[in-house]
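S.K.: Residue numbers (the numbering used here), protein chains in the order written: chain A, 1 to 285; chain B, 1001 to 1304.
Since the hints were derived computationally from the structure, they do not count as laboratory data. Just so you know, these numbers come straight off a predicted model, no measurement behind them. For glycine and all other residues, C-beta sits at the position ideal for the given N, C-alpha and C. Please note that a few of the clues may not be correct.
Sample of chain B residues facing chain A (criterion: CB under 10 angstroms; computed from the structure) [what the hints assert, rightly or not]:
{"hint": "1", "residue": "D1041"}
{"hint": "2", "residue": "I1044"}
{"hint": "3", "residue": "T1048"}
{"hint": "4", "residue": "M1049"}
{"hint": "5", "residue": "L1058"}
{"hint": "6", "residue": "M1074"}
{"hint": "7", "residue": "E1283"}
Derived CB-CB ranges, DEER-like [to be verified]:
{"hint": "8", "chain 1": "B", "residue 1": "I1044", "chain 2": "A", "residue 2": "S199", "range": "34 to 42 angstroms"}
{"hint": "9", "chain 1": "B", "residue 1": "I1044", "chain 2": "A", "residue 2": "K53", "range": "40 to 48 angstroms"}
{"hint": "10", "chain 1": "B", "residue 1": "M1074", "chain 2": "A", "residue 2": "P109", "range": "32 to 40 angstroms"}
{"hint": "11", "chain 1": "B", "residue 1": "I1044", "chain 2": "A", "residue 2": "N151", "range": "17 to 25 angstroms"}
{"hint": "12", "chain 1": "B", "residue 1": "A1249", "chain 2": "A", "residue 2": "G60", "range": "46 to 54 angstroms"}
{"hint": "13", "chain 1": "A", "residue 1": "N92", "chain 2": "B", "residue 2": "R1025", "range": "47 to 55 angstroms"}
Listed here are the chains, written in short residue letters.
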Amino acid sequence: MNNEQLTDLQKIALNVREHIIRMSTDGGCFTGASLSATDLVVYLYKQFLNITKETLNDPGRDYLFLSKGHDVPALYGTFVELGWLPVERLNNHLSTRDSIYWHPNVKVPGIEFHSGSLGHLPSVALGVALDCKITGSPNKVVCILGDGELNEGSVWEAVLVANAYKLDNLLFVVDRNFFQANMPTEELIPLEPLVDKFSAFGAAVKRIDGHDFTALDDALSIFPFQSGKLNVLIADTRRGKGLPSIEARADRWFCNFTHDEVGALLAELHGEHTATLESETLVVR
Amino acid sequence: MTYEELLTQTALADERVVVMTAENRALVRNMPQNLGNRFVDTGITEQTMIGAAAGLALRGRTPVVHALAAFLSMRAYEFIRTDVGIGNLPVKLSSFIPGFLSDGNGPTHQAVEDIALMRGIPNMQVFCPADEQDLLQMLPSIWASKSPSYVRISTRPATYQHKQPFEIGCAEVVSRGSDVTILVYGMLFEQALIAANFLRHDGYSVGLVNMRSLKPVDEAVILEICASSDLVVTVEDHFLTGGLYSIVAETLLKYRKTAHVHPFALKGKWYKPGRLNEVLEHEGFTGAQLARAIIEHLVENLAD
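Work out the full structure, taking the sequences as your base and the hints as a guide.
M.R.: Have a look at this one:
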């Protein structure tokens, strides 16, 4: 990855974060979770996955399944930046006139499958990866998981089965922001040592800083990074990344900002000053 | 032909078909060597098997998945509802040892609420063949359909020659009668046939219908039977709630009709495990017991 590509990724990620902040009004969205996954999503679509606007439904395309459905604003923001989705549609967020709501919906171009119930898409992605192996298709299949989602037993079933079938065309990316809905993961259901857990289940595991594009590129420039195994990338991230006023806060999973706050938040995103938020905008679901 | 032979033949002729199991190979033992990598055993992971089936269906496959009815319909329920149902994907659920067929396994293995659960899922079709001959007659169109489907597998030998070709949404009218008509599905068809013969021997005019397709259901036949028979009985190895009795009740209400309908079903408890013939006897579902109970009902409730 050259400097130009790096600058491009950073610019796109900043724009996606702007979209997410704008979507965090009029009913709100899962802002904290979306911001932690933004850099991962941008990197994957821009640098890793072989998907274009023209090949969104082509059987030869790569696949991205978003299992932690709350991050979908990061996908929609990225789709806008890629030219797949008109930016105006983000204004329809939560309107029944459009198909854009708090979880992924296949009616939006680029979304491969609906999610919202946790622990499902590892096995759906597994099925797609399995078919690619059966047919000898070279497609890569990525599934983004939340760390809280790792509580679900079905995730670990899928890891076992993916390894049994040597699905090295399948990549699980864990958005490791150390929070589940209401609690820090390590205070509720501790997950560490996470690399050891996935390794013990037979997967090939790498752990990187999920906000560092160079680290992501180093980890994924050769894929699979280990053949014959499920590949797992644990990406350490920060909930709310980009907005210091909400970063790594348990109560900032879901945000519903007022329109008056958006300007200050965008300024904060661009490092101009730190926003202060009214207490009534804190909404925890 | 057996179920396995039909499935093998179908899969060899249609490369879209992928056969899956959650380590329940009773019905598909010879398939690994015949199908190669289109036979997928995910181990004891009903929910992951269903998710993977949805993924395969996204790639244009028609997965035919196998698990014990109790675990398929309940352990994997939310995966079926969410991945297969919302996705409206052509995943074909082959659910075996349903209802009384789990004989001695005990209540953990009793799928006696599966019809209620499955028919509650939008897009899901529900089929209950009477025996192996009925099953084999039904499966080609079920597998060819683009809808998700749940099939209560019965591979019991047929005691009746099913002549009416199967059509999705159509019941098989075995006989018509003005005194009583028995509506039945699945393995209890055999007992209903015996009961009908007992009743006829006693001079009653008896109808018998193999319901086969519970969703979509044959509303026309239900309405016709209810209008032409003094008594209608439903017979099912399922809880009273949500099965055939409920389907008949819903149909009558939908068309603002009424009828004298008496259900034979499991009423609020799991059945006593044992060998199948003893289970039937213990629960009062043998042909002779059904006939006796129907006569009592006719005498008590329909006397002028």
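S.K.: Against each hint, give a clear statement of whether it holds in the structure.
M.R.: Outcome of the hint check:
no., hint, verdict
1, D1041, "9 angstroms, holds"
2, I1044, "9 angstroms, holds"
3, T1048, "4 angstroms, holds"
4, M1049, "8 angstroms, holds"
5, L1058, "6 angstroms, holds"
6, M1074, "15 angstroms, violated"
7, E1283, "35 angstroms, violated"
8, B:I1044 to A:S199: 34 to 42 angstroms, "23 angstroms, violated"
9, B:I1044 to A:K53: 40 to 48 angstroms, "42 angstroms, holds"
10, B:M1074 to A:P109: 32 to 40 angstroms, "36 angstroms, holds"
11, B:I1044 to A:N151: 17 to 25 angstroms, "20 angstroms, holds"
12, B:A1249 to A:G60: 46 to 54 angstroms, "51 angstroms, holds"
13, A:N92 to B:R1025: 47 to 55 angstroms, "49 angstroms, holds"
Of the hints listed earlier, those the structure fails to meet are numbers 6, 7 and 8, in rising order.
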